[in-house]
Amino acid sequence: MDLSLPNPSWSKDMRLLFDQFMKKSEDGSWKHLPSYKNKFSRRIEDIKVFFPDAKLIKEKISQAQLFPRNFEEGLGFEYAMFHNHAEDRTVCIFQGGPYLQGAPGFLHGGAIATMIDSTLGMTALIAGGIVMTANLNINFKRPIPLCSVVVINSQVDKVEGRKLFLSCNIRSVDEQTLYSEATSLFVKLDPEKSLT
Amino acid sequence: MIRRTFQVAMSLGSHRVLPGAPCVLPRLNPTSAFGSSTDSLVSRFCPEKMDMKDYALPNASWCPDMLNLYQEFLEKTKTDGWIKLPSFKSNRDHIQGLKLPFGLAVASDKNDWRICTRCIQEEGQGYEYVIFFHPSEKKSICLFQPGPYLEGAPGFAHGGSLAAMMDEVFSKTAYLAGEGLFTLSLNIRFKNLIPVGSLAVLNVDVEKIEDQKLYISCIAQSRDQQRVYAKCSGVFLQLQLEEESSQ
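Residue numbers (full-length UniProt numbering), protein chains in the order written: chain W, 1 to 196; chain D, 1 to 247.
I should point out that these hints are in silico values taken from the structure, not numbers from a laboratory.
A hint or two may mislead.
Cross-link-like lysine-lysine pairs, in silico, DSBU-like; alpha carbons within 35 Å at most [to be verified]: (1) W:K37 x D:K208; (2) D:K191 x W:K12; (3) D:K191 x W:K188; (4) D:K99 x D:K172; (5) W:K141 x D:K76.
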């Protein structure tokens, strides 16, 4: 089941943004990225290369539950991502629910970091294949109110061999407020080396 | 409103000057260091009597490594000045009687709000953790066991879940060590993946407190320290909580 589609917990702002991006996708310049709880079922062959214990992996893959998708509707991470292939960038619309509290009334820094990692990760994945987060550098400018909707704009800055440098910013729906900025380094995994 | 008040707080942090307008910041005294001492913060944070459930206690999902290390540190709370921090479902429970300053406090707070690292309540499925804090040395140790709901790559914890755990330990340590309240920045270097269900030990140190900012660092590694999972440094903004006015 594709979890990056509107559900009853989505606020009006979230739905509006989603519709706007779906409209942009009509001419093919943008593409809506589906998102499943069990995302690795589609890339078992790729994963086997990096996780040598193949038997264990099949089991684990069938039970795999992607962290940001393990919440009841509306309580945790509600998000949808759209990718622009020509410009090599991804936009994520994100609504952080009541179970992601930091300071009372605001989103936890770690929840923000998770969405930044997920969005940058997706951009890096599309640009470079199977990657792993190496560095994440986040500046928090303004606290994000709990249950509000934000837009994460991410892009690839440069590619050097197996290193991908990406950056993103988090803004309010009307783009007037800059909540956070981040830069990151992702590394393409080397099929010769195991991860464990 | 929120944007403006936060900006006020930020500019005060850097210039240490009270605004000319009618005083709306009763506690910000540039001449003294932040009011509450670590000891008074700790005693308020760790009340003798707690009606709320403390989630930072062993349960059946804790792996043997976690249980052993927990016992070790429990012993140290008797002899070496360590304190086990309680962990409640919501941060509001942690600051009873207090509220965010400068109008940042949200008036209506629904009861079902949960702190990010206690979002998954089924034993062993999400964040299993306990934090021990050392008041005089301003450092913390967090025993963290990520459950299957925190997965990223199959069988391993999602990088974001580790980032959230580190930010949370930073947050509690920064608060008790010097009223650090909001994360200003996080710099995380991921080295190795943490297998789901295994123990990661997070060692956190407050490096310095300067210009109303608290600098803090963390190393997350395996119990035997043979495997480093990640290193992280963070900066927190010092802000005093206000007493909640009686209603």
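Each hint tested on the structure:
Between K37 of chain W and K208 of chain D the CA atoms are separated by roughly 41 Å; this puts the pair beyond 35 Å, and the hint is violated. Taking the CA atoms of K191 of chain D and K12 of chain W, the gap is about 40 Å. The hint is violated against a cut of 35 Å. Using a Cα cut-off of 35 Å, the hinted pair K191 of chain D and K188 of chain W holds, with the two alpha carbons roughly 14 Å apart. Simply put, K99 of chain D and K172 of chain D have alpha-carbon atoms about 16 Å apart, close enough for the 35 Å limit, and the pair holds.
The straight-line distance between the Cα atoms of K141 of chain W and K76 of chain D is roughly 38 Å, outside the 35 Å bound, and the hint therefore fails.
Hint check: violations occur at hints 1, 2 and 5; the rest are consistent with the structure.
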